[in-house]
Structure formats: structure tokens, C-alpha cells
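Trainee: Here the protein sequences come in this chain order: F, S, B and A. In terms of the working numbering, the first sequence opens at residue 4 and continues consecutively. In terms of the working numbering, the second sequence opens at residue 4 and continues consecutively. In terms of the working numbering, the third sequence opens at residue 4 and continues consecutively. In terms of the working numbering, the fourth sequence opens at residue 4 and continues consecutively.
Calculated from the structure, these hints are not laboratory results. Bear in mind that the values here come from a model prediction, so they are computed numbers and not experimental data. Hints may contain errors.
As the list claims (entries may be wrong) - In silico SDA-like cross-links for lysine to any residue, where the CA-CA straight-line distance does not exceed 20 angstroms: (1) S:Lys158 to F:Glu205; (2) S:Lys127 to F:Gly292; (3) A:Lys195 to B:Pro164.
There are 4 protein chains.
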Amino acid sequence: MQTVAFLGLGAIGAPMARRIAAAGFTLRVWNRTHERAAAFAKTGATIAPSAADAVRDADVVVTCLSTSADVEQVLDDGVLEALRAGMVLVDCTSGDPVTSRRLAGRLAAWDVGFVDAPVSGGVKGAEEGTLTVMCGGDEQHIERARPVIEAFGKKIVHCGPVGAGDAVKAMNQALLALTIWGTGEALVALAKSGVSPETALEVLNASSGRSNASMNLFPERVLTRAFPRTFRLSLLAKDARIAADITRAERVPSPLTQLAAELCTMAARELGDEADHVEAVKVIERWAGTEIR
Amino acid sequence: MQTVAFLGLGAIGAPMARRIAAAGFTLRVWNRTHERAAAFAKTGATIAPSAADAVRDADVVVTCLSTSADVEQVLDDGVLEALRAGMVLVDCTSGDPVTSRRLAGRLAAWDVGFVDAPVSGGVKGAEEGTLTVMCGGDEQHIERARPVIEAFGKKIVHCGPVGAGDAVKAMNQALLALTIWGTGEALVALAKSGVSPETALEVLNASSGRSNASMNLFPERVLTRAFPRTFRLSLLAKDARIAADITRAERVPSPLTQLAAELCTMAARELGDEADHVEAVKVIERWAGTEIR
Amino acid sequence: MQTVAFLGLGAIGAPMARRIAAAGFTLRVWNRTHERAAAFAKTGATIAPSAADAVRDADVVVTCLSTSADVEQVLDDGVLEALRAGMVLVDCTSGDPVTSRRLAGRLAAWDVGFVDAPVSGGVKGAEEGTLTVMCGGDEQHIERARPVIEAFGKKIVHCGPVGAGDAVKAMNQALLALTIWGTGEALVALAKSGVSPETALEVLNASSGRSNASMNLFPERVLTRAFPRTFRLSLLAKDARIAADITRAERVPSPLTQLAAELCTMAARELGDEADHVEAVKVIERWAGTEIR
Amino acid sequence: MQTVAFLGLGAIGAPMARRIAAAGFTLRVWNRTHERAAAFAKTGATIAPSAADAVRDADVVVTCLSTSADVEQVLDDGVLEALRAGMVLVDCTSGDPVTSRRLAGRLAAWDVGFVDAPVSGGVKGAEEGTLTVMCGGDEQHIERARPVIEAFGKKIVHCGPVGAGDAVKAMNQALLALTIWGTGEALVALAKSGVSPETALEVLNASSGRSNASMNLFPERVLTRAFPRTFRLSLLAKDARIAADITRAERVPSPLTQLAAELCTMAARELGDEADHVEAVKVIERWAGTEIR
Numbered sequence: 004m005q006t007v008a009f010l011g012l013g014a015i016g017a018p019m020a021r022r023i024a025a026a027g028f029t030l031r032v033w034n035r036t037h038e039r040a041a042a043f044a045k046t047g048a049t050i051a052p053s054a055a056d057a058v059r060d061a062d063v064v065v066t067c068l069s070t071s072a073d074v075e076q077v078l079d080d081g082v083l084e085a086l087r088a089g090m091v092l093v094d095c096t097s098g099d100p101v102t103s104r105r106l107a108g109r110l111a112a113w114d115v116g117f118v119d120a121p122v123s124g125g126v127k128g129a130e131e132g133t134l135t136v137m138c139g140g141d142e143q144h145i146e147r148a149r150p151v152i153e154a155f156g157k158k159i160v161h162c163g164p165v166g167a168g169d170a171v172k173a174m175n176q177a178l179l180a181l182t183i184w185g186t187g188e189a190l191v192a193l194a195k196s197g198v199s200p201e202t203a204l205e206v207l208n209a210s211s212g213r214s215n216a217s218m219n220l221f222p223e224r225v226l227t228r229a230f231p232r233t234f235r236l237s238l239l240a241k242d243a244r245i246a247a248d249i250t251r252a253e254r255v256p257s258p259l260t261q262l263a264a265e266l267c268t269m270a271a272r273e274l275g276d277e278a279d280h281v282e283a284v285k286v287i288e289r290w291a292g293t294e295i296r
Numbered sequence: 004m005q006t007v008a009f010l011g012l013g014a015i016g017a018p019m020a021r022r023i024a025a026a027g028f029t030l031r032v033w034n035r036t037h038e039r040a041a042a043f044a045k046t047g048a049t050i051a052p053s054a055a056d057a058v059r060d061a062d063v064v065v066t067c068l069s070t071s072a073d074v075e076q077v078l079d080d081g082v083l084e085a086l087r088a089g090m091v092l093v094d095c096t097s098g099d100p101v102t103s104r105r106l107a108g109r110l111a112a113w114d115v116g117f118v119d120a121p122v123s124g125g126v127k128g129a130e131e132g133t134l135t136v137m138c139g140g141d142e143q144h145i146e147r148a149r150p151v152i153e154a155f156g157k158k159i160v161h162c163g164p165v166g167a168g169d170a171v172k173a174m175n176q177a178l179l180a181l182t183i184w185g186t187g188e189a190l191v192a193l194a195k196s197g198v199s200p201e202t203a204l205e206v207l208n209a210s211s212g213r214s215n216a217s218m219n220l221f222p223e224r225v226l227t228r229a230f231p232r233t234f235r236l237s238l239l240a241k242d243a244r245i246a247a248d249i250t251r252a253e254r255v256p257s258p259l260t261q262l263a264a265e266l267c268t269m270a271a272r273e274l275g276d277e278a279d280h281v282e283a284v285k286v287i288e289r290w291a292g293t294e295i296r
Numbered sequence: 004m005q006t007v008a009f010l011g012l013g014a015i016g017a018p019m020a021r022r023i024a025a026a027g028f029t030l031r032v033w034n035r036t037h038e039r040a041a042a043f044a045k046t047g048a049t050i051a052p053s054a055a056d057a058v059r060d061a062d063v064v065v066t067c068l069s070t071s072a073d074v075e076q077v078l079d080d081g082v083l084e085a086l087r088a089g090m091v092l093v094d095c096t097s098g099d100p101v102t103s104r105r106l107a108g109r110l111a112a113w114d115v116g117f118v119d120a121p122v123s124g125g126v127k128g129a130e131e132g133t134l135t136v137m138c139g140g141d142e143q144h145i146e147r148a149r150p151v152i153e154a155f156g157k158k159i160v161h162c163g164p165v166g167a168g169d170a171v172k173a174m175n176q177a178l179l180a181l182t183i184w185g186t187g188e189a190l191v192a193l194a195k196s197g198v199s200p201e202t203a204l205e206v207l208n209a210s211s212g213r214s215n216a217s218m219n220l221f222p223e224r225v226l227t228r229a230f231p232r233t234f235r236l237s238l239l240a241k242d243a244r245i246a247a248d249i250t251r252a253e254r255v256p257s258p259l260t261q262l263a264a265e266l267c268t269m270a271a272r273e274l275g276d277e278a279d280h281v282e283a284v285k286v287i288e289r290w291a292g293t294e295i296r
Numbered sequence: 004m005q006t007v008a009f010l011g012l013g014a015i016g017a018p019m020a021r022r023i024a025a026a027g028f029t030l031r032v033w034n035r036t037h038e039r040a041a042a043f044a045k046t047g048a049t050i051a052p053s054a055a056d057a058v059r060d061a062d063v064v065v066t067c068l069s070t071s072a073d074v075e076q077v078l079d080d081g082v083l084e085a086l087r088a089g090m091v092l093v094d095c096t097s098g099d100p101v102t103s104r105r106l107a108g109r110l111a112a113w114d115v116g117f118v119d120a121p122v123s124g125g126v127k128g129a130e131e132g133t134l135t136v137m138c139g140g141d142e143q144h145i146e147r148a149r150p151v152i153e154a155f156g157k158k159i160v161h162c163g164p165v166g167a168g169d170a171v172k173a174m175n176q177a178l179l180a181l182t183i184w185g186t187g188e189a190l191v192a193l194a195k196s197g198v199s200p201e202t203a204l205e206v207l208n209a210s211s212g213r214s215n216a217s218m219n220l221f222p223e224r225v226l227t228r229a230f231p232r233t234f235r236l237s238l239l240a241k242d243a244r245i246a247a248d249i250t251r252a253e254r255v256p257s258p259l260t261q262l263a264a265e266l267c268t269m270a271a272r273e274l275g276d277e278a279d280h281v282e283a284v285k286v287i288e289r290w291a292g293t294e295i296r
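The following block holds chain F by itself, in its conformation from the complex:
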């Protein structure tokens, strides 16, 4: 079995790493704040004192951090020198293609493979090993890492060259932002018009304007006022900005993607760093003076 180093044990990363341990790989974990790593002692994983120690002699390195800049920072903090030829770094961060391409170039100089491999499916998907994994990179690097990726991913899609995984993930997030915000505008306006949100969703979800947001997020999280904190709004805003940068760099006039990025950024500032992404609708509610309930 391969030896796997896992860097970044956040809300998604921790259950992914646990799946890797459960699949029988030799696992070495590291996290910036030590407590989250310490919790892995009982899985049989080695708790590495530094990221560089974690990656030394690993076959596959998995990173799952907040941003591509964080990944580059970790590389610059000693990891790069600890890598050896033949390794593959699978970056599950929701990253940006420009940085990923630069990282891939830097790693290629050491004969280390790079696969951007952001995931979709949330905490539940990570725990159950049913994540969708969108991969960018060389076929051979993906194949070498595939057994590890299969420990946490169910649908593993090779999207294109390095950066393609990031690009697809970013576009998904921008569409998530658009549908959350758009459905929020609609339901708040309907509530003010005297249409109950339950009725509105019943109709929308039997009609052409439906989306994952209207079919799942609003019934489960907004109408219940539960707003569970599963994915931070500030990260959705970051992802939407990556999407907006991609559409602009590709010269695709993209007023909606741009506006979605701006609205998420505003909402993240309004609601603070702990807010969940679905709480963005609270900003619309506040501006409108009406709650969706």
C-alpha cells in the first residue's frame, strides 16, 4: 500500500483523511493547529510535527487547505525540499488555476506530479467517501494517485490539464452562489407579496426555475431557519471570485458571474467570518425587512 501524507484537517479534510486511513494506507497527517491533528492518533495515523516531516518518503501527498496561496505557503515552508522525484501532490483545495499552474511548474522541476483535485459533496460526502472529485493534470499522475482518491471520492472526473479541476469547481460554486442568491431574492419578494415560502417552493420545484438551492438548501436550511454551518460563506465568496477571474481572463463577458462574486463578498463582510454560505439570504432578508418563513 502507498504511504500518504495529508496536509489540512479542516471540516472536509479530516473525514477525507479518515477514509484514507480506513482504506489501509499508511497515513501521516499534519495540520497548522496541532489539536486537529492530535485527534487522529486513534486512527493509527502518524502525527507529523511539521508538514515537511509528513511528506518525506510519502508516495502521495494530499493537500486540503483554504486557498492555493496557503498551499504555496506550505510548499515554501519546507515541504518543497522534502519532496522527492516520483511523488504526486493531489491538491483538494478549492484553488485557482493560475496558482495551480505555477505550483505544477515548480513541482515539475523536482519531477513531482501535481493534480488539482477539488471536491464537491460536503462533510457528509467526505465521511461516506462519495465525493465528486474534479481533476486537472496529467493522466499518469492521476492514475498514480487514483487508489488514494478512490478512498474518498466516488465520481472522479478528469476535466483537463492542470487548473481544469479548479476551474470546474469554481464555476460550480459561482452557480451555487447565483442560485442561492437568486432564489433568496425571489422568496423574499414573494413573502412580501403574500405567498408563503412553502407554496412558492412547491411550485418552483415543479417548474423550470428549480435548482439544487431551491430543491434542497432552502427547504432544509432556510425554511427551517436551521442554517447549519457546513461551509463558510467567505470561502464561497473566494470561490466565486476565482470563477469571476477565470471568465474575465477567458474574455467571456460574464455580468452574472461577476455580480455573484461581488454579492458574496459583500455578504461575507456583512455576516462575519463564521457565517455559513446559505446565510447569505439573511442579508437579502435584512435589506428587505422580511424573513423567509
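The hints should help you fit chains S, B and A onto chain F, whose structure is shown.
Mentor: Leaving out everything else, chains S, B and A in the frame of chain F:
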């Protein structure tokens, strides 16, 4: 059985009227251009020489026109005087709440009921009698017309007072516009990034940004380049403008809904009056210099 | 000299009325809250106990209220019956063309003229009688009221039929909103880039992107952090929404005007009812975490 | 007198270079297409066969190209090796700060100074030597180049470190785009409402929504239908995209700047590469079906 007058035999209206005839109602039809009405001779329906003649002595009048202004025009062209107390007018036009409320008020003075009852489900839903019907108005008026509505509708939802059906329909259409346009921006940018649309949709549709547009419209109509003409873009633009007027009138800050309305209006001008609503993506493609294929 | 009734003694209305009194007209004033009317005792004006009393036997009625709906309310509260044939109502409210046209129609039935005549120039312009007055209506009605209008206006422009004055005023306000907000985005971003606002404005105001906002409002009100409260943001938001409704009704795709209206509406909710229109930049500053200073 | 190399003899660059020659500097010019360089023979300038030949032994190098990427390309095509310690490169391109900072870093390694120095004032300003020059870089580099800059610039402003000149220029351009497009939406809607553009501008330019666009560009270029081609729309779109990238990178929620960039990009695609920036209003006119005249 009730006698039904049906005014407006367009792409959706014609199959709806056929369902009413098939359900055994005595049907009288009228259409502004006579040919479309003449085609009903074989259904056993009476072809009325004027809208006023169609409605005289009917129990239920169904209108299915392009805009609320068209409905008001028909009323002013002799229909109003031909109505009698106790009738119900079921307006299946995708109308606007302000006009619908004014029409309801005018009809109430003649003791005629008004139900705004826009539908969703397309030509196929109309032919199969599986439309979703979103009703606004008094419970008693809806009940009186319910047997007729059931001839073409499967999911019949009472959304609220007069105008509520229009409001819900308009919001659905704005969300349809948002998801078509947003998915279009995403797929064009991904295509330029080297990600094939099939791959992109495979991932999106297994992820959180999915919508009816990404799950059905893009695979069936865009990737195939079929772009069947089932619902005109200019009508979607009109609906999105109604949605945008509602959110503004309700004082809901709604930048996305407003922008969706503007983009559809632009696209409708770019592509001309015959363009289907999904062809809006062709405008993004033209601006970006790349096709989704 | 004509007898003038003046309804609405707000921040702009009061000095306008004072100019009319000073010009020698017989003046009768009314205000919803009595104190503001009582302050006119020393000008020689008659303080009317009701709006209806104020207008009775006047030659020209001037209204200067917050919205066209307020004007219609006052008419419905007894003023309409107190008007007599031959009078002219000069409405200096920043109104909306749709309501103005309806009011003109209702007044025409009594043979009373209507001129929409919103003003520009602020409190200072009102005090000095140098307002710009944008008139919509019949030439003859404007001519009959001209001596009164000249008491407070310097540039008096006949823009077109009833509603044209409102339309021009609304468009000016939308452009004011656009330039305040756009200049705010620019200066906040430049401040974060290390360019001082003084330097940025020095260059902008010698370049092609300059506007009244950059040339006057920012140097006098923002860089000084004075933010004097001369015109409420909530009224600018209302005006911008009127502009956005006009462009939509005229079928002019107008993404910028629509967005300006939404942003002002958001900002007015964020900052509360007392905020000045220039304080809108504080919302950008708050979202960006940096002040323009 | 210093020896000056001038690279890029476009619409603005050519008259700037002519001013430098007229001020007595020893001038060597180069242009990608030779004809534009050949025209300089009569000024006494040396026509260099390559950019590298032009810069060799110069004291100050001035670049005036379309984009920062073009400047980097020229450096990579042999110019970098031809530079010598102590030189200053004054880049009058409307560039982007990210590339400018990279270029400055590359040149610093050779002990060559870099000043980003985009200009404002158009062809006329270049011919008359009255350009506004917004400089980013070290004080000492600016001082060394100041005599050359003074040959074509009247207002020379040190905005901040390298990139600051680009940033201020980009923001000016975004505001120019916003005011052209916003004024266009307003005048088209007013024209459809029956208000003549002359009347509308007369009022706007005496009111708070006025800008350089409404005061100068519309009267001189739009109402006359002259639309002289002085500055390409595609370049304005590029500049507005730079501005939008800066506001995003600085985390300033900036919906208007983003939208301005998208609209210009759309319009540039609609109108083709030769269109002047003010012709953007023709897109609004086309979409609205009405001309401003």
C-alpha cells in the same frame, strides 16, 4: 358539463384547449389569427367569429395570451360586455400582478370572478395535461373553475390573492433566466479553458450548482445544438421584467433579478423575435467567440 | 400679483416658499407637521389650517413633497375638491411620470393645469433662487405659472409633456448615484493600493472620468469626512428607482441604471433614514474595511 | 541633453515622441510596423531597425504600447539585454499594476529604473504637450526622467509606488466607461420618452449628475453623430478590466466597476476592433431601437 370559452390558441394554449375538449366540456374557441382557430373544427369545438361571441353564456373563460395587456385589450374589445354574473375568467397568460389586480377589480364590478393561473411545463405538459398551474384569487372562484383547470393541469396550487399566481410564475422565469445565463457563462468559459461541456456538465450535475438548466436544457438543447423553438426568448424577457418589477415594488434589493431581466431583454433584441429562450446562450457564445460544443 | 398656495415646507420647499413670499406674491402655506408652517408667520404668509384651505382661491398651487404618492394623497385628502378651473398645480416633488400623468388627467377633468417641475440645486439654490427647474406639461400652463417659478428658479427648461420633468430629474439622480458610487469604489480601491484620495482626485479631476461627484462632492464632503446632511439617501434611492422604472418601461436595456437603483436601496437600508446621499460611500468603505481619507 | 528611446508610435505615442524631439532631446524611435517609424525621419530622429537598437545607450526609454503584455514582450525580444545600469524606463502604456511590478522587479536586477506613467488627455493633449501623467515608482527614477516627461506632460503626479500610476489610470477609465454608458442609458430612455437630447443635456449639465461625458463627449460626439475615432473601445474595455481586477484584488466589493468592464467588453465585441470608445452608446441605441439625436 360546463361550457368553456378559450381565447388564445398559441403554442401552449392550443394543446390546453384540446385537453379541455377531450375532457368533454362544451368548448368555444377564438384566436386573433383565424387559422389557428379553424384547426379546432375537428375537435368538435365551436369556432367563434369573435372573442365576445366565444364567451357569451360560457361558465368558464380561459385566456392564454402573451401579456396581461393583451388580456385587457380583449376585454375592452367587446368581451367585457359579453360576460355575465357568475362566470369565472381563468387567465393562463404569464401576466403581471398589477394588471391582474386591475382586471379582477373591473370584473368584480360585473360579478365575474378572476383567477390568474399561469402554467409551467411547456408544450409537452400541455399536451399530456401535466402542467403546473399557479393560481391567484378567491378560493371560491378557483373551485368553480377547478374541473376545467384539471383538464390540463396536474399540480394546481393556490398561491394567494389575485396576482400571486403571476408573481410565482414570474419568479420562476427569472430563476430560469438566471440559471440559463449563468450556466452559459460557466460553460463558455470552461470551453475556452479546455474543459469539454460534456465533462463540465457531468461534474456540475453531480454537484451543488446544478439546476434544471444544467440538468435538462443544456444536455438536450445546447450540447446537441438542437435549440428547439418551444418558448420564445422575448416572452422570457417579458416575464423576467415582470419579476424585476415585483421585487422592486416590494422593496427587495434584487440586483440579480434586475440584471437577469436586462440580459434577457438585450439577448431578445440581438436574436430577434423568433429565437427560443435557450438560444440566449448564443449571445454569450458570440461575445466570447466560442461555442459550447 | 397672483396668490400662491405652497404645500410641503421641507428642506428645499421652505426656502422656495420664502423666495415666493419675498417676490411679493400673496402666499398661503401648509405643511403636514404644523411647526414647519408656523415658522412662516414672520414672512407675512398665511398659515393654512389644512391643505384644502391653503389652495382655495389660489392662482397657482406649488407642491414640494417626498413622492408623487404623497401628492396624490394630499389631493385625495380634500385638495381636489378645493381646486377651481383655471388654476395650475406646479408639482416640484421629484415624482414619477406614471403618477404625474394620472394626476394631470384627474386635474384636467376639473380644468386645472398640471406641471411636473422637479428642481435641482439643493438648499443653497433654493435660498438664492438659482434652482434649475425641469418642467413637463403644456406650454400654456407653464407660462401661467412662470412668474412664480422664476421666484425660485434660474434655469427653467420645458422638457416635454407631463412627466418629462420627472423623467429628466430621475435620470439626473441615477447619474448622480452612479458617479458617487463608482467614484467611491475607485477611491477605496486606490486607498488600499497606497494612493491617497487627494492625489487620486487631483488626477481624476484633470482626466476624462471626472464628474460633479469627483469634482465637488468628494473633495468637499468625503475627504473632509464632513458628510453634511443635505439630501437624504433614501430619497436618492427612490429617485434612482424611478429612473430604473422609466428605462425599463421604455424598453431600454439599462443594466447600470438598474444596478444603481439597487445599490442605493441597499445602502439606504444599511445606513438608516437620516443618512445623507453621499454617505453611501460609507457602505463601500465598510465592506472594504478602509476609509477614504 | 539626454538621449531618449521611444518605442510605440501609435495615435498617442507619435505626437508624444514628436514633442520630445522638438524639446531638443536626441531621439531614437522604433515601432512594430516600420511605416509609422519612417514618418519620423523629418524630425531628425534616428529610425532604429529594432527595439534593442533603439534603447542601446539611451538615458531614458519611453514605451507607449497597447498593453503591459506588449511591453514585456518587447523586453523579452532583446530589449532587456540592451539596457544598461542607470537607465530609466518610463512606461506610458495604460498597463496593469501586476505586470508593471513584475517588470520593475526584472529591471531592478539590471539596475534599471521603472516608472509606470500612463497619460490622459488624448491626441490633442499629446500634440500640445499638456497631458496629465500619473506616475508610479521611486522618486529618484521619476526625477531622472522628469525632463523627458515634461516634454509631453503638463500635470505630472507621483501617485505612489510602481503600479500606482496604472491603478489611477485604470480607475479613471472605469469611471469614463461608467459615465459614457450611464449617460447613454439615460439619454436613450429620455429620447423614447419624448425629451430631446439637447434639452436633456442642457438640464443634466446644470445639475448634479453631470460628468465629463455629459458635458463634453455627448455634445461634441454623440449629438453631432460625428463619433470621431480617437481612442479605441477595445482599449477602454481592457482598461476597465484592469480596474475591475484591481478592485477585486483589493477586496473592494465593486459591482459597478465590474459591470462597467463587462459592458465595455460586450460592446467592443459588438462593434468590432475599429470602434471608438464613445460608440459604445450605439449598442444601447441598437438594443433600444432609438438613436440619440
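Trainee: Checked against the structure, which of the hints given earlier come out wrong?
Mentor: 2
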